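Asker: Sequence:
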Amino acid sequence: VPIFVAGARTLPVSLTPADKAPRRWFPSLSISVLEPMTIAELVARNPDQSSNTNALFDRFAEARLFGSDLDRGLFLAIRDAADRVGASHPIVEDVVSGTLNYRKLFIGARVLGRLFEAVTAPNEAVGVLLPNANGVVLSLVGLLSASRVAAMINYTAGPASVTAAVRTAEIRTVVSSRAFVDKASLADIVAAVEEGGARLLWLEDVRASVTVLDKLAAALLWRWPLQPQNAAKPAVILFTSGSEGTPKAVVLSHRNLLANAMQAEARITISPADILLNVLPVFHSFGLTGGTILPLVTGVKLFLYPSPLHYML
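Numbered according to the working numbering, the sequence shown spans residues 1 to 313.
In short, the hints are calculated from the structure, not lab data.
The model shown is predicted, which means the values in this text are computed figures rather than measured ones.
Glycine included, every Cβ here is placed at the ideal spot set by N, Cα and C.
Heads up, some of the hints might be wrong.
[To be verified] The following label-pair restraints were derived from C-beta to C-beta distances:
no., residue 1, residue 2, range
1, 204, 275, 22 to 30 Å
2, 207, 122, 20 to 28 Å
3, 32, 86, 23 to 31 Å
4, 36, 188, 55 to 63 Å
5, 187, 119, 18 to 26 Å
Model the full structure from these sequences, guided by the hints.
Answerer: Shown next as structure tokens:
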């Protein structure tokens, strides 16, 4: 009978080292209990298991996942992680911009989210054309806060696929960066976005429009999302490669993405003392879920690197 007590690792009497599970006097606790099964039943359920130990591990991983709260928006899941490890905990870093802690991440995301709200409609699909850098995480969390759907544009797929993706998802606005477009020589991709009927919203222009009042409001209200959160609503759109024709849009809800991240968390040993290096772009399914959302909702510091092709460095 697998029993999982969620939150127990953070109790002052926990045997888990404090750097891996920051202590809290009154953490939220929940108990998950799955139905009893014998080892023989577990093995029979999956004959491909190489050992009884693997079958037992899978069962405990199920209990751990069952104990996860999946009925919350991603913004709230990330905020809950900030509450567990502390708002000053470093959570995102890239090779250029430096490190953001949770508080700075939420403040920046709220500033961007408020500006995204002004130029888009609720539940609208907003394209994201950005590299692995702090800006893509800030934009993603800002869109989640504003209840917009982040459509992750695969800028390596070619102009025709990008135009098709923009039209398929009915994207009217795409968030990007002039510096990124210039450095990556993506003028043809920008033209493809515009051909699909979308306009470009440049982060450089967005930052220039931010006022002192915007920053002050974000610093005071960073803990709260701009719009109500619903785990069942769409959060992100990913696109297929288009290798078999027109790219298809895959709509993922908050619950879908959080469940994927928690499935990974239930099977690997990670803690806020770790650093996760992500070289997969956020338009890639694993680059988004295991490489970005997983560390954000578990307090693991995320280090973003823009390209997996720099393996010779």
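Asker: A separate judgement is required for each hint: does it hold in the structure or not?
Answerer: How the hints compare with the structure:
1. 204 to 275: 22 to 30 Å: holds, 29 Å
2. 207 to 122: 20 to 28 Å: This hint holds: roughly 24 Å between Cβ atoms.
3. 32 to 86: 23 to 31 Å: holds, 26 Å
4. 36 to 188: 55 to 63 Å: Holds, since residue 36 and residue 188 (Cβ atoms, about 60 Å apart) stay within the stated range.
5. 187 to 119: 18 to 26 Å: Holds: the Cβ-Cβ distance is about 23 Å, inside 18 to 26 Å.
Hint compliance for this structure: no hint is broken.
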